[in-house]
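K.L.:
So the chains spell out like this:
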Amino acid sequence: KQEVTQIPAALSVPEGENLVLNCSFTDSAIYNLQWFRQDPGKGLTSLLLIQSSQREQTSGRLNASLDKSSGRSTLYIAASQPGDSATYLCAVHAGNNRKLIWGLGTSLAVNP
Amino acid sequence: SAVISQKPSRDICQRGTSLTIQCQVDSQVTMMFWYRQQPGQSLTLIATANQGSEATYESGFVIDKFPISRPNLTFSTLTVSNMSPEDSSIYLCSVEHGPPYEQYFGPGTRLTVT
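Protein chains in written order, with our numbering: chain A, 1 to 112; chain B, 1001 to 1114.
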């Protein structure tokens, strides 16, 4: 059974720091992996999707990597800003059944 | 990408009543998903809705409690029936595009049951 774990559960950093959020999964047979952002009480915003054949994806200050063999993905945020404060969720697309398996998220606070 | 809207954005309802949540997408999609997110928790999939067929419910969710309609390729509704305070959650609809089956989410409906 696929399980997704995100570490750390919470993170507080000063503005300007580069930071890394971690996501691990137990079954390497994934179709893709998606990173989302959720602001308090709001819906989810898709940040990056990495297909199983890809190693990384970049969007602006965000870079996500995927290592299927070790069951890991990282989300790198460069030069963090207070506006980056949110919960970041990692989800693995487990393939044929078209379901996403979710981590519990990392709550990020970037302090001015 | 896809732009998804949900109505209502929030509601406060009394125990025993029902609420229907609407989800509208700006493009035609095959699969739509309904999720629940209880306070402080991650997302739980309620059901998958394909146009023209019965929704497929996840373990722990039943059609009598959460009936779903999917009349066309851009619209779906989720009804939360006979509500109790335990149903207080954010309800989210999502769609997938692709391959590569990227998922997009609506803004959510925040439901409080008193």
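Some hints could be false.
Which stretches of chain B does chain A cover? Using the computed rule of at least three CB atoms under 8 Å from a CB of chain A, they are [claimed, not checked]:
| # | stretch |
| --- | --- |
| 1 | 1039 to 1048 |
| 2 | 1091 to 1103 |
| 3 | 1106 to 1114 |
Quick list of simulated restraints, FRET-style, between CB atoms [unchecked claim]:
| # | chain 1 | residue 1 | chain 2 | residue 2 | range |
| --- | --- | --- | --- | --- | --- |
| 4 | A | 112 | B | 1054 | 49 to 57 Å |
| 5 | A | 2 | B | 1039 | 23 to 31 Å |
| 6 | A | 109 | B | 1063 | 22 to 30 Å |
| 7 | B | 1062 | A | 53 | 37 to 45 Å |
It should be emphasised that the hints constitute simulated quantities derived from the structure, not laboratory data. In this text, all values refer to a predicted model and were calculated from it rather than measured experimentally. By construction, the Cβ of each residue, glycine as well, lies at the ideal position given by its N, Cα and C atoms.
K.L.:
Now tell me, hint by hint, if it's right for this structure.
P.N.:
Now for the hints, and whether the structure bears them out:
Counting residues of the stretch 1039 to 1048 of chain B whose CB falls under 8 Å from any CB of chain A gives 5; the rule of at least 3 is met. For the stretch 1091 to 1103 of chain B, the stated coverage by chain A is satisfied: 7 residues place a CB nearer than 8 Å to a CB of that chain, which reaches the threshold of 3. Under the rule that three or more residues need a Cβ within less than 8 Å of chain A, the assignment of the stretch 1106 to 1114 of chain B holds, with 4 such residues. Checked against the hint of 49 to 57 Å, the C-beta distance between residue 112 of chain A and residue 1054 of chain B comes to roughly 51 Å, which is consistent with it.
For the hinted restraint 23 to 31 Å between residue 2 of chain A and residue 1039 of chain B, the CB-CB distance of approximately 25 Å keeps it satisfied. For the pair residue 109 of chain A and residue 1063 of chain B, the supplied restraint of 22 to 30 Å is violated, since their beta-carbon distance comes to about 41 Å. In this structure, residue 1062 of chain B and residue 53 of chain A meet the distance hint of 37 to 45 Å, their C-beta atoms being roughly 38 Å apart.
When the structure is compared with the earlier hints, a violation turns up for hint 6 alone.
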